[in-house]
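2 protein chains.
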Amino acid sequence: MTPTPSRESAERDARHNARMTRKKALMDEKIAQAQDEYGLLLVHSGNGKGKSSSAFGMVARALGHGLKVGVVQFIKGGMSTGEEQFFRRFPDEVSYHVMGEGYTWDTQDRQRDIEKAVQAWDVARQLLNDPQIALVVLDELNIALKHGYLDVDVVLRDIESRPELQHVVATGRGAPPALLEAADTVTEMTLVKHAFKSGVKAQKGVEF
Amino acid sequence: MTPTPSRESAERDARHNARMTRKKALMDEKIAQAQDEYGLLLVHSGNGKGKSSSAFGMVARALGHGLKVGVVQFIKGGMSTGEEQFFRRFPDEVSYHVMGEGYTWDTQDRQRDIEKAVQAWDVARQLLNDPQIALVVLDELNIALKHGYLDVDVVLRDIESRPELQHVVATGRGAPPALLEAADTVTEMTLVKHAFKSGVKAQKGVEF
Numbered sequence: 001m002t003p004t005p006s007r008e009s010a011e012r013d014a015r016h017n018a019r020m021t022r023k024k025a026l027m028d029e030k031i032a033q034a035q036d037e038y039g040l041l042l043v044h045s046g047n048g049k050g051k052s053s054s055a056f057g058m059v060a061r062a063l064g065h066g067l068k069v070g071v072v073q074f075i076k077g078g079m080s081t082g083e084e085q086f087f088r089r090f091p092d093e094v095s096y097h098v099m100g101e102g103y104t105w106d107t108q109d110r111q112r113d114i115e116k117a118v119q120a121w122d123v124a125r126q127l128l129n130d131p132q133i134a135l136v137v138l139d140e141l142n143i144a145l146k147h148g149y150l151d152v153d154v155v156l157r158d159i160e161s162r163p164e165l166q167h168v169v170a171t172g173r174g175a176p177p178a179l180l181e182a183a184d185t186v187t188e189m190t191l192v193k194h195a196f197k198s199g200v201k202a203q204k205g206v207e208f
Numbered sequence: 001m002t003p004t005p006s007r008e009s010a011e012r013d014a015r016h017n018a019r020m021t022r023k024k025a026l027m028d029e030k031i032a033q034a035q036d037e038y039g040l041l042l043v044h045s046g047n048g049k050g051k052s053s054s055a056f057g058m059v060a061r062a063l064g065h066g067l068k069v070g071v072v073q074f075i076k077g078g079m080s081t082g083e084e085q086f087f088r089r090f091p092d093e094v095s096y097h098v099m100g101e102g103y104t105w106d107t108q109d110r111q112r113d114i115e116k117a118v119q120a121w122d123v124a125r126q127l128l129n130d131p132q133i134a135l136v137v138l139d140e141l142n143i144a145l146k147h148g149y150l151d152v153d154v155v156l157r158d159i160e161s162r163p164e165l166q167h168v169v170a171t172g173r174g175a176p177p178a179l180l181e182a183a184d185t186v187t188e189m190t191l192v193k194h195a196f197k198s199g200v201k202a203q204k205g206v207e208f
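Protein chains in written order, with this note's numbering: chain A, 1 to 208; chain B, 1 to 208.
Simulated from the structure, these hints should not be mistaken for laboratory data.
Note that the structure is a prediction, hence the values are computed from the model and not measured.
Fair warning: there could be bad hints in the mix.
Cut-off 25 Å, straight-line C-alpha distance, at most; resulting in silico cross-link-like pairs (BS3-like, lysine-lysine) [as the list claims (entries may be wrong)]: (1) K193(A) - K204(A); (2) K193(B) - K193(A); (3) K204(B) - K68(A); (4) K204(A) - K68(B); (5) K204(B) - K76(B); (6) K193(B) - K146(A); (7) K76(B) - K193(A); (8) K204(B) - K193(B); (9) K146(A) - K68(A).
One chain only, chain A, in its complex shape:
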């Protein structure tokens, strides 16, 4: 779990360079006919519903193909979530991590929030270093970046030096420009209509 830092770092650098070279080559081609397969970075942003749900739908999809998945949830809500209860049923296939107790926008303990976020990122980095894992979900990462709890350059460096075929999905409002820039696909979930917005209680199986 704790590889020699220097060796790990050298390997990461090599993978980063390989990925960037490959990405540049793809960009240079600019051909619609390309049929290359490589790991995508997807970002789900916006104020609508479905940012996390669609990441968890991708988890189901990946498991259906016999692939292994890693999940880090950067914000733990007060309620236990259905997705966590469900995917923990598959410990051999899903490496599931819920970090911390949520952020302290209420209590304003910024230093504690940063420590929690950094701990969560340490777990994320291990998943991003594991070529056995085909999909890494970084749920609500964007919030941690937005609040400056994590350094976007460090995060991007680790994401970009991941194994060649590994997919990554980062969810949450407020993704910083550098993450959007690095992403292969950005989808914005927009709330078009929400009847009884605050009038109907959060519903089990829908909102959590």
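Take the given structure of chain A and dock chain B to it, following the hints.
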């Protein structure tokens, strides 16, 4: 599987009326403090990714809460999908139906497409009549409506007469106005960025 039509119809009418009365009462209240719990109709539309994925994320969420789920896929693609392979692992918890072989926009056999869509709706109606099922996913229903393969009034009538606490998610581009009008929540998935849009082959675990 085939209840007496008249009895089934009377029960549906009664449920429809009850739902509409209840919905009107909620609307009339117009209070943000309401804490009522009832089944929601969610529509995922737009040209972006994540419409179906987020519905399948909700399936995982519901299963995590020990709820039962029904899925009807109105369009079967050429590729076998990861979500189908995965959720078929849980036959006691998920009633999974993939209808037909996809539509014939290429071959232009409209009559056949209508027949397939109507058959799919018959299955959907049974799920919408089953109070044991907490969540019904109508994947790509919007497409069938958009092409006029199904009558939106019939579809809405069946959806609105479902059991009180049952949630429904309809996905796909081109949801008709009447469906959006009836929905509790409408989320539009907007494609903000798609690198190498047609240059990178559809990736297992991401797109299918």
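Structure-based check of all given hints:
Taken as a hint, the K193(A) and K204(A) pair is honoured in the structure, with Cα atoms around 20 Å apart against an allowance of 25 Å. For a cut-off of 25 Å, the pair hint linking K193(B) to K193(A) stands: about 23 Å separates their Cα positions. Using a Cα cut-off of 25 Å, the hinted pair K204(B) and K68(A) holds, with the two alpha carbons roughly 12 Å apart. Distance check on the hinted pair: K204(A) and K68(B) sit about 12 Å apart at the alpha-carbon level, within 25 Å; holds.
For a cut-off of 25 Å, the pair hint linking K204(B) to K76(B) stands: about 16 Å separates their Cα positions. Between K193(B) and K146(A) the alpha-carbon distance is near 20 Å, which keeps this suggested pair within the 25 Å criterion. The hinted pair formed by K76(B) and K193(A) fails the criterion: a straight-line CA distance of about 29 Å is larger than 25 Å. Of the supplied pair hints, the one linking K204(B) and K193(B) holds, its CA atoms being roughly 20 Å apart against a limit of 25 Å.
As the CA atoms of K146(A) and K68(A) are separated by approximately 29 Å, the hinted pair breaks the 25 Å bound.
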